[in-house]
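> If you read the sequences in order, they're chains F and B.
First residue of the first sequence? That's 498 in my numbering, and the numbers climb one at a time after it.
First residue of the second sequence? That's 230 in my numbering, and the numbers climb one at a time after it.
It cannot be assumed that every hint is accurate.
[As the list claims (entries may be wrong)] Per label pair, the in silico range of CB-to-CB distance:
1) F:GLU823 - B:GLY439: 48 to 54 Å
2) F:PRO757 - B:ALA245: 35 to 41 Å
3) F:PHE812 - B:ALA424: 33 to 39 Å
4) F:ARG510 - B:LYS421: 51 to 57 Å
5) F:PRO658 - B:ASN374: 28 to 34 Å
6) B:GLU293 - F:ARG700: 46 to 52 Å
7) F:ARG551 - B:PHE438: 55 to 61 Å
8) F:ALA802 - B:GLU293: 29 to 35 Å
9) B:GLU293 - F:GLY656: 29 to 35 Å
Derived by calculation from the structure, the hints in this document are not laboratory data.
Note that this is a predicted model, so its numbers are computed, not measured.
Cβ coordinates follow ideal geometry from the N, Cα and C atoms, glycine included.
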Amino acid sequence: MTLASMARKHEPRRVPEVKVATTAMIASLAAEGYDTVAAPFGHALVDLAKSDERIVGLSADLAKYTDLHIFANAMPDRFYQMGMAEQVLMSAAAGLAREGFIPFATTYAVFASRRAYDFIAMAIAEENLPVKIVCALPGLTTGYGPSHQATEDLAIFRGLPNMTLIDPCDATDVAQMVPVIAAHPGPVYARLLRGKVPSVLTRYKPDYQFQLGRAQMIREGRDVLVVSTGIMTMRALDAAEVLSKDGVDVAVLHVPTIKPLDRETIIAEAARGGRLVVTAENHTVVGGLGEAVAGTLLQNGITPAFRMIGLPDEFLEAGALPTLHEIYGLSVGKVADQIRGWL
Amino acid sequence: MTELSRVPAASNVSLALRAWNIRRRALLMGEVQGQGYIGQALGVADVLAASYFHALRYDPKNPEWEGRDRFLLSIGHYAIALYAVLMEAGILPEDELETYGMDDSRMPMSGMASYTPGMEITGGSLGHGLGIAVGMAMGLKRKGNPAFVYNLMSDGELGEGSTWEAVMSAVQHRLDNLICLVDFNDQQADGKTTAALATGDERAKWEAFGWHAQRVDGNDLSAVVAAFDAARAAPAGKPRVIIFDTTMCKGVPFLEAREITHFVRVEADEWSKALTVLEEGKPA
């Protein structure tokens, strides 16, 4: 609950004059005005599976909502519907991996990180099995409320040894990460963007290619270094455009791999003196990218001016996603405001 | 690939003696540490003897032989029992017995797949094995591999929701190559399992879920053997479960009589007493 929701429980609400978007579970990020790609994960997995017989897909009743239905329709004999049972989803994926397969297991990020954690930890991570856990609704990408907002999944999985963590920014990251994570010999947890996914990175960096474990500079800048991941790289790039009109020059370093963190690049870029360092993540400020970067910099004697953009250590409201992004500081305008305020 | 027969196909060592050897080794390992889940080991020894010397196909020289029947120890704390049968089967060397539970040992007190040949999964946290067994059984069918997957679990694990997810899943995916063995001694950490969560008619429950289900006296070797045979010959399309009613500490009456047997307390001087008592009951 939040203080606001507790207060509202006993007060009747009025119908708003202007109807804003609903608290629907699935909200598209495509309202940004970017080109979009339809279901990049599903199509990339089908392409990969055509040439690699070891690939199988599993879901706990969320194939349709994780774009795995594309794979399930194209290759029905390689898809396992596990029903609404996340613990056996992960355990069975482990068993399949033990028998030589490369399982892609999908559900929502909340369910993988909360309900199924012990099974991921003991059957998959401890045994270092090549199971690829791909999860939709990362961080605040739904207005459906805390049950579906995976605000702490990166913090949870960062603590797990052997686990590789990915938070993709856009359609390019999502499509390109698929063969890369399949080729990685150990377990992977990847956040997922589904449906019509914006394509952003190649607009700013036409030769951008997803690389596992590497942070990449998408936009250079003299005044501020934003170290961002997931959809916040998109927001940071847009905010950089806004800020440039005020004469503030913002660099954006995209870090799609949270673990293992590309310490070398982050340290080198932060050590270039004179820039405010701001981390930005679609995740709580507790235990995610921001604290990972802060820990890395301090342990290596790098102490720039440092700030974090992220979700607060709270359960979040339900409501329309654009409104929530405004409230919680993830919108382009609010990102620009926060950076301006820190200069 | 050559047909490797069950081990030991032509041996004249009786199953009863195999079970006795397992009990004896478990007591010796318990003595090494001064403690251990010895009650469980003594109780499940007959089931393990039948598993490894009647039912399972495996190659002791190659514990990861692709054609092997997989044997998953879902109950990690029964590792002491599994080590005893792995030694009997020649998969673990006899001379490592005294390293049980020691630093740098291949035989930790809780089963670890990465430490021990013949240990298929990492135990400790309960209610995991059946779900992994479901995945392995799926994988074997994909590969056209006729091997069985056996999952040895406890009555305590019947409380975990993860167990029942796997129970439903096995039926859904028609995993007739999956045989679940339930060691039902009705003891868990805080007392009787049936006093904590109402279990109802366990056999009827599994059958209602769609399994071929049997329930037998787990300390009666001929009943145990018959149950394994019936499980493997059961009609296609359904997974198989055998619920074995066992007595904790079976084979050592003064330990059987102890009130608390989940982690049965054995005093330093009582180990040799237990071994002597066991010796008296040695089968021909």
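> Hint by hint, note whether the structure agrees.
Do the hints match the structure? See the list:
The hinted range of 48 to 54 Å is satisfied by F:GLU823 and B:GLY439, whose Cβ atoms lie roughly 51 Å apart. Checked against the hint of 35 to 41 Å, the pair F:PRO757 and B:ALA245 fails, with Cβ atoms roughly 55 Å apart. For F:PHE812 and B:ALA424, the hinted distance range of 33 to 39 Å is satisfied, since their beta carbons lie about 37 Å from each other. A hinted range of 51 to 57 Å holds for the C-beta pair F:ARG510 and B:LYS421, which are about 52 Å apart.
With their beta carbons about 31 Å apart, F:PRO658 and B:ASN374 fall inside the hinted range of 28 to 34 Å. A hinted range of 46 to 52 Å holds for the C-beta pair B:GLU293 and F:ARG700, which are about 50 Å apart. For F:ARG551 paired with B:PHE438, a C-beta distance near 31 Å fails the hint of 55 to 61 Å. For F:ALA802 paired with B:GLU293, a C-beta distance near 55 Å fails the hint of 29 to 35 Å.
Separation of B:GLU293 from F:GLY656 is about 31 Å and conforms to the stated range, judged on CB atoms against 29 to 35 Å.
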